[in-house]
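2 protein chains.
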Amino acid sequence: MALIVQKYGGTSVGSPERIKNVARRVARWRADGHQVVVVVSAMSGETNRLIALAKEIQAQPDPRELDVMVSTGEQVTIALLSMALLDSGLKARSYTGGQVRILTDSAFTKARILSIDEQRMRADLDAGYVVVVAGFQGVDEAGNITTLGRGGSDTTGVALAAALKADECQIYTDVDGVYTTDPRIVPEARRLKTVTFEEMLEMASLGSKVLQIRSVEFAGKYRVKLRVLSSFEDHGDGTLITFEEDEKMEQAIISGIAFSRDEAKITVLGVPDRPGIAYQILGPVGDANVDVDMIVQNVGHDGSTDFSFTVHRNDYVKTLDVLKNVATHIKAREVQGGDKIAKVSIVGVGMRSHAGIASTAFRTLAEEGINIQMISTSEIKISVVIDEKYMELAVRVLHKAFGLDQPA
Amino acid sequence: MALIVQKYGGTSVGSPERIKNVARRVARWRADGHQVVVVVSAMSGETNRLIALAKEIQAQPDPRELDVMVSTGEQVTIALLSMALLDSGLKARSYTGGQVRILTDSAFTKARILSIDEQRMRADLDAGYVVVVAGFQGVDEAGNITTLGRGGSDTTGVALAAALKADECQIYTDVDGVYTTDPRIVPEARRLKTVTFEEMLEMASLGSKVLQIRSVEFAGKYRVKLRVLSSFEDHGDGTLITFEEDEKMEQAIISGIAFSRDEAKITVLGVPDRPGIAYQILGPVGDANVDVDMIVQNVGHDGSTDFSFTVHRNDYVKTLDVLKNVATHIKAREVQGGDKIAKVSIVGVGMRSHAGIASTAFRTLAEEGINIQMISTSEIKISVVIDEKYMELAVRVLHKAFGLDQPA
Numbered sequence: 117m118a119l120i121v122q123k124y125g126g127t128s129v130g131s132p133e134r135i136k137n138v139a140r141r142v143a144r145w146r147a148d149g150h151q152v153v154v155v156v157s158a159m160s161g162e163t164n165r166l167i168a169l170a171k172e173i174q175a176q177p178d179p180r181e182l183d184v185m186v187s188t189g190e191q192v193t194i195a196l197l198s199m200a201l202l203d204s205g206l207k208a209r210s211y212t213g214g215q216v217r218i219l220t221d222s223a224f225t226k227a228r229i230l231s232i233d234e235q236r237m238r239a240d241l242d243a244g245y246v247v248v249v250a251g252f253q254g255v256d257e258a259g260n261i262t263t264l265g266r267g268g269s270d271t272t273g274v275a276l277a278a279a280l281k282a283d284e285c286q287i288y289t290d291v292d293g294v295y296t297t298d299p300r301i302v303p304e305a306r307r308l309k310t311v312t313f314e315e316m317l318e319m320a321s322l323g324s325k326v327l328q329i330r331s332v333e334f335a336g337k338y339r340v341k342l343r344v345l346s347s348f349e350d351h352g353d354g355t356l357i358t359f360e361e362d363e364k365m366e367q368a369i370i371s372g373i374a375f376s377r378d379e380a381k382i383t384v385l386g387v388p389d390r391p392g393i394a395y396q397i398l399g400p401v402g403d404a405n406v407d408v409d410m411i412v413q414n415v416g417h418d419g420s421t422d423f424s425f426t427v428h429r430n431d432y433v434k435t436l437d438v439l440k441n442v443a444t445h446i447k448a449r450e451v452q453g454g455d456k457i458a459k460v461s462i463v464g465v466g467m468r469s470h471a472g473i474a475s476t477a478f479r480t481l482a483e484e485g486i487n488i489q490m491i492s493t494s495e496i497k498i499s500v501v502i503d504e505k506y507m508e509l510a511v512r513v514l515h516k517a518f519g520l521d522q523p524a
Numbered sequence: 117m118a119l120i121v122q123k124y125g126g127t128s129v130g131s132p133e134r135i136k137n138v139a140r141r142v143a144r145w146r147a148d149g150h151q152v153v154v155v156v157s158a159m160s161g162e163t164n165r166l167i168a169l170a171k172e173i174q175a176q177p178d179p180r181e182l183d184v185m186v187s188t189g190e191q192v193t194i195a196l197l198s199m200a201l202l203d204s205g206l207k208a209r210s211y212t213g214g215q216v217r218i219l220t221d222s223a224f225t226k227a228r229i230l231s232i233d234e235q236r237m238r239a240d241l242d243a244g245y246v247v248v249v250a251g252f253q254g255v256d257e258a259g260n261i262t263t264l265g266r267g268g269s270d271t272t273g274v275a276l277a278a279a280l281k282a283d284e285c286q287i288y289t290d291v292d293g294v295y296t297t298d299p300r301i302v303p304e305a306r307r308l309k310t311v312t313f314e315e316m317l318e319m320a321s322l323g324s325k326v327l328q329i330r331s332v333e334f335a336g337k338y339r340v341k342l343r344v345l346s347s348f349e350d351h352g353d354g355t356l357i358t359f360e361e362d363e364k365m366e367q368a369i370i371s372g373i374a375f376s377r378d379e380a381k382i383t384v385l386g387v388p389d390r391p392g393i394a395y396q397i398l399g400p401v402g403d404a405n406v407d408v409d410m411i412v413q414n415v416g417h418d419g420s421t422d423f424s425f426t427v428h429r430n431d432y433v434k435t436l437d438v439l440k441n442v443a444t445h446i447k448a449r450e451v452q453g454g455d456k457i458a459k460v461s462i463v464g465v466g467m468r469s470h471a472g473i474a475s476t477a478f479r480t481l482a483e484e485g486i487n488i489q490m491i492s493t494s495e496i497k498i499s500v501v502i503d504e505k506y507m508e509l510a511v512r513v514l515h516k517a518f519g520l521d522q523p524a
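So the sequence lines, in the order shown, correspond to chains H and B.
Under the working numbering, think of the first position of the first sequence as 117, with each following residue one higher.
Under the working numbering, think of the first position of the second sequence as 117, with each following residue one higher.
Incorrect hints may have been included.
Copies of the same chain are indistinguishable here, so a pair counts whether it falls within one copy or spans any two.
[Stated by the list, open to error] Pairs of lysine-lysine residues, derived as BS3-like cross-links and limited to a Cα-Cα distance of at most 30 Å, are as follows: (1) Lys171 - Lys440; (2) Lys434 - Lys337; (3) Lys207 - Lys136; (4) Lys434 - Lys207; (5) Lys516 - Lys171; (6) Lys440 - Lys207; (7) Lys337 - Lys447; (8) Lys447 - Lys281; (9) Lys447 - Lys434; (10) Lys337 - Lys516; (11) Lys447 - Lys207; (12) Lys341 - Lys281; (13) Lys337 - Lys440; (14) Lys505 - Lys281; (15) Lys226 - Lys207.
Hint data in this document are derived by calculation from the structure and do not stem from the laboratory.
Keep in mind that this is a model prediction, so the values were computed, not measured.
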């Protein structure tokens with residue numbers, strides 16, 4: 117008998133029929149003798165409907181009141197799923213985030229979980245109940261309703277699994293696992309049986325939006341065994357997200373190719389090469405609430421250097437504006453930029469112990485005539501910025517070059 | 117400076133525009149220096165939408181889970197109204213029933229309020245906030261969400277007014293007060309400036325559905341000054357519901373004519389006239405979950421009597437079925453009935469001190485050739501059962517006979 121936490125997203129509970137399907141799946145796990153806690157999101161479209169309604173009243177909805185409002189989406193789903201479970205003869209009971217109680221800080225619309233009181237859930241589980249918990253929400257010390265931000269239901273699932281010391285946290289979604297890359301771009305992409313937390317973090321932050329990144333961090337921190345599965349298929353083991361050291365089987369060198377078309381690059385040319393210059397450039401950018409992703413600075417010569425970074429494409433114009441003043445102030449020669457770029461990344465823990473990954477990647481791109489504009493590396497990732505028109509080509513040739521289309 | 121509790125029903129908050137109107141009205145009360153607590157219902161149609169969704173999952177939705185679900189309707193409204201108040205520059209804060217906290221028993225879908233913790237509201241009011249509370253809902257000792265049953269938002273309003281010792285509880289609705297009778301039947305019907313709690317109870321239970329009857333009982337018990345007003349008009353004082361003894365002005369003898377077409381009558385003929393016979397007839401009816409309204413038994417003769425009562429028209433056939441066996445058992449001669457009846461009632465505390473009301477009523481009906489089938493009286497009410505085709509006529513002539521069409 118295992119204790120399983122299952123999380124179902126908005127698409128998986130998007131209609132009464134789909135909710136009944138979830139109930140059937142839960143019933144099978146119960147029939148196999150397992151204890152089950154289910155975390156659900158709002159029915160697909162509901163959160164957006166509520167936000168739109170709020171904006172009809174207040175252009176910038178008050179964060180506290182917005183949380184009171186959007187948290188109703190999950191509250192409806194927990195009731196419906198509990199009814200479906202009861203209707204199929206199981207014992208079931210729903211809880212809002214506040215009832216569990218999932219204690220958070222008071223940062224409305226993006227709260228962080230501080231603690232979870234698992235006693236009530238455990239008593240219910242021991243009494244044979246399926247416990248159904250609203251994802252995405254909690255309550256602060258003063259009893260105000262809070263939400264964890266978009267995708268926060270994944271975090272709720274992982275946090276409950278951690279609090280209950282569950283044997284596994286299963287994230288049911290509309291894909292059946294984590295792939296070596298997006299199958300829409302590379303039809304030969306394969307589902308990974310396992311991926312490490314570090315790889316998952318790099319993949320998630322690079323646009324493979326299977327799991328919310330905070331939930332992966334959380335799972336890593338509390339050593340929760342996390343599995344991504346499809347809620348639309350009855351078979352398949354999905355992808356297990358593992359701790360590297362637990363991994364007995366031969367680890368593939370490269371796990372996947374991630375990509376993003378959401379960025380723009382900016383280069384400040386002819387920057388005086390002196391201490392503090394990076395801060396002088398990026399300080400004002402941060403003050404303008406712009407998040408910076410890749411940062412590249414090369415060795416300078418003749419007392420000056422070039423400084424490049426990428427931002428979200430939506431922030432491109434705003435960032436150029438900010439830098440106009442900055443460039444004058446620091447006596448830079450020129451500010452250049454471009455928003456027709458893509459970032460492609462090779463991710464794999466095997467990089468740590470295998471040399472030559474970078475050169476294979478660069479040679480592969482060169483053979484296709486793809487020019488690399490920026491390069492940035494971490495211990496388990498190599499990212500390149502290229503012209504966006506070559507993105508699909510780059511993903512395909514790299515996928516093949518690292519043998520990702522071959523059965524593991 | 118007064119402390120006012122205002123309650124707005126589903127129609128009054130049925131759209132973003134109407135919610136903004138409510139905010140404007142609240143703002144005027146604040147501008148006049150009053151402290152305001154607002155209780156709101158779900159947006160019109162929302163509760164029915166949620167119940168329909170629940171029934172797609174479970175034909176008879178589980179009561180606990182149904183309460184979790186339908187309580188979201190008011191939760192959305194409190195957030196929207198708070199946003200509208202904030203948007204108009206007021207300080208405002210929303211609370212669910214559980215947050216206030218409105219403690220109820222655990223009778224899901226028809227819970228009763230046990231106590232209200234008014235400290236948090238009072239602190240907010242003293243800090244200049246408008247307090248917006250979800251009607252219709254509460255929380256039981258174990259922290260489960262409960263609802264008070266249909267129309268329960270009125271009860272929430274009155275209960276909050278009682279707990280806060282508010283100066284007045286204002287119920288905003290789609291009519292501008294309590295009328296001498298339904299203006300759709302008698303165009304000359306007048307709005308009553310005042311009506312006593314006892315009269316209101318008789319009127320409400322007789323089909324003048326301005327206020328939920330439990331809220332009126334509650335207001336009477338806790339001596340809450342209750343006023344019914346229109347949420348669609350900016351002027352008018354509505355109808356104040358008073359305690360008789362508080363009333364300084366000359367009280368009208370009759371306050372109104374109420375009527376109902378929802379009933380059916382049943383007569384058990386030739387019942388042996390012996391103790392316990394009423395219980396032998398009505399016991400099985402009650403066991404079948406049928407509520408009995410009027411009960412009439414006349415003096416018997418020759419050792420037998422006739423026993424009549426009315427039930428809701430929907431229960432008519434079921435009640436006849438039940439009585440078939442009963443009649444045989446108690447050796448009654450025959451069971452008769454009819455569902456083409458109407459009940460018309462004259463209500464007024466003035467009856468206590470004025471003779472001749474009944475004879476005026478009976479003469480008025482006789483002059484129009486309207487036959488009276490059953491009569492039942494209380495201290496402040498005379499009800500007659502007549503053929504339903506005469507209902508409108510009876511209401512009109514009685515309204516005129518008691519001078520209700522004349523300015524008070």
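Here is how each hint holds up against the structure:
Taking CA atoms no more than 30 Å apart as the test, Lys171 paired with Lys440 passes in neither setting, with 34 Å inside one copy and 61 Å between copies. Taking CA atoms no more than 30 Å apart as the test, Lys434 paired with Lys337 passes in neither setting, with 36 Å inside one copy and 63 Å between copies. Taking the shortest alpha-carbon separations for Lys207 and Lys136, only the intra-copy value of 15 Å comes in at or below 30 Å, while the best inter-copy value is 43 Å. Taking the closest pair of Cα atoms, Lys434 and Lys207 never come within 30 Å of each other, the shortest separation being 55 Å inside a single copy and 34 Å across copies.
In this assembly of identical chains, the alpha carbons of Lys516 and Lys171 never lie at most 30 Å apart, being 47 Å within a copy and 52 Å across copies at closest. Within a single copy, Lys440 and Lys207 get their C-alpha atoms no closer than 64 Å, and across copies no closer than 40 Å, so neither meets the 30 Å cut-off. In this assembly of identical chains, Lys337 and Lys447 lie within 30 Å of each other by CA distance neither inside one copy nor across copies; the values are 44 Å within and 80 Å between. Taking identical chains as interchangeable, the C-alpha atoms of Lys447 and Lys281 are never at most 30 Å apart, the minima being 57 Å within one chain and 69 Å between chains.
For the homomeric pair Lys447 and Lys434, the shortest alpha-carbon distance inside one copy (20 Å) is at most 30 Å, but the shortest distance between copies (93 Å) is not. For a Cα distance limit of 30 Å, the shortest separation of Lys337 from Lys516 qualifies neither inside one copy, at 33 Å, nor across copies, at 80 Å. Proximity of Lys447 and Lys207 under a CA criterion of 30 Å is satisfied in neither setting, with 70 Å inside one chain copy and 48 Å between copies. Taking the shortest alpha-carbon separations for Lys341 and Lys281, only the intra-copy value of 10 Å comes in at or below 30 Å, while the best inter-copy value is 55 Å.
Taking identical chains as interchangeable, the C-alpha atoms of Lys337 and Lys440 are never at most 30 Å apart, the minima being 41 Å within one chain and 72 Å between chains. Taking the shortest alpha-carbon separations for Lys505 and Lys281, neither the intra-copy value of 47 Å nor the inter-copy value of 70 Å comes in at or below 30 Å. For the homomeric pair Lys226 and Lys207, the shortest alpha-carbon distance between copies (23 Å) is at most 30 Å, but the shortest distance inside one copy (33 Å) is not.
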